[in-house]
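With chain V's structure known, arrange chain S on it following the hints.
Going down the list, the protein sequences come from chains V and S.
If you're matching positions, the first sequence starts at 1 in this note's numbering and goes up one per residue.
If you're matching positions, the second sequence starts at 1 in this note's numbering and goes up one per residue.
Accuracy of the hints is not assured; some may be wrong.
Derived lysine-lysine pairs resembling BS3-like cross-links, with alpha carbons at most 27 Å apart [what the hints assert, rightly or not]: (1) S:K194 - V:K166; (2) S:K138 - V:K45; (3) V:K185 - S:K201; (4) V:K185 - S:K194.
No lab work stands behind these hints, which were simulated from the structure alone.
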Amino acid sequence: MYDIFVYFCLFLLQHREEKQLEASVESLASRVAHVKNALHSFIYKLENEYERLAWPSVLDNFALLSGQLNTINKLLKNEKTPSFRNQVIIPLLLSPDRDEDLAKLTEQRVPVFSHEIVPDYLRTKPDPEVEEQEKQLSTEAARIGPEVAQKQIQALNKVCSNLLEKLNNPRDDRDTETSSLRQNKPSFNPADTNALVGAVAFGKGLSKCRPPGPVAPTHPGQGPMMSGGPTLQQVTIGGGSGQQAGMGGPGAPQQQGQPGKMPSSIKTNIKSASGSMHPYTRSLPQQ
Amino acid sequence: MEAPPVTVMPVTGGTINMMEYLLQGSVLDQALESLLHRLRGLCDNMEPESFTDHELVYLLKGQQGNPFILRARRSLSHPTAPWHLRYLGQPEVGDKSRHALVRNCVDVAASHSLPEFLNEMGFRMDHEFVANGHIFRKGVMKVVVSKLSRILVPGNTENTERLSLSYLVELSVLAPAGQDTVSEDMRSFAEQLKPLVHLEKIDPSKQRH
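Next comes chain V alone, as it looks inside the complex (with noise of 0.2 Å):
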């Protein structure tokens, strides 16, 4: 009676057992899908779409794998599922022939269960360079003794913990500090600056009758603008009021290979003719 007893209930142990391993696997089953789906969409993104992918998108997608890899952490770890360790799969029939169930089931990547699939597919330990450097990693662990070790699992805390909070504590200080790091190695001239914007803007530095070398910082080219020849006084037009315009010095900038009166007198003709700078409301010289 006793008996019976016993083995009734070794019977719904095993039941229950039975029951949890199927839920679980459903679940992991149901997760590893998700994980596949978003792979698949990732690499599609990949492939096809890549002139039009942006960083954070990139990002979003590492980040929800990472989430999905998490879950299956979770449930694996859940104190519900039992260990798949003890589970063992023995492939009972292979053949080499194609089995249409198979091939449907795993979406046609996996047609035939043959002696070549097994290995990979059913493979429990890990690959030989795997193994090897697992190996190295626990000799090495044996080696250095638990003293040592636990010196280091404080010292890697200490640093995790410190950069935690740095990271989320924003300090006001911590500008002024980082500044000063950035005094170092700044990025940009302000001097620099004012010389390539005057160079635009208005030639400072820039005109090709001054001999090159370091610009004067003030009314530059005038002295070897004087030394530039006699007809510059020729060509000067409107006496003082060009010469206050005050760009690049009084020379209006000589053409070269022209005979100096010819520009002059087609300046003077212009000049008289209109009062008004703009070219647009100028009416035609007269002659």
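What follows is chain S alone, placed relative to chain V:
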């Protein structure tokens, strides 16, 4: 009878008055790579274009006032492309709180006889320089990072000498007059380039002295 005020006069044709909004800064050579990287990430996803341009600045001096300035620009990397002629007005001195330099801008394309034409009209070339660098776009904003070089022998663009050890960075937008939201957008974009570059409104008249 007085003419009606300009604002109510009918528009009888011509082009819309375009204004150029401008922010300028510079970056040292050693920080150029990081700036280009950042711009490549921030700006529209296109191949960064590099350019080599030769700009000549022509002046027409009159009896009074400031001389009239026209800028003629041609591409040295695309020798058959048309010349580009640009007029830039004086910066508008309106709002001190406006974040960008605003000035009137007229752009036209011109044929390769432009320098001779300008000479015949009475313009004289004041200075020229070679600019080469990269251009990026973000929407309507244009970012140009360029290295300016002085031309040693007039007319010879091969023989050039760098003006300084920095690259000039310019952020510009061409927009019709009166759109002040543009300068807000420019300022927020400029914030994203700090601390590599400080883009700011630099008044050219203050640079003369």
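Any hints this thing doesn't respect? Which numbers, in order?
none
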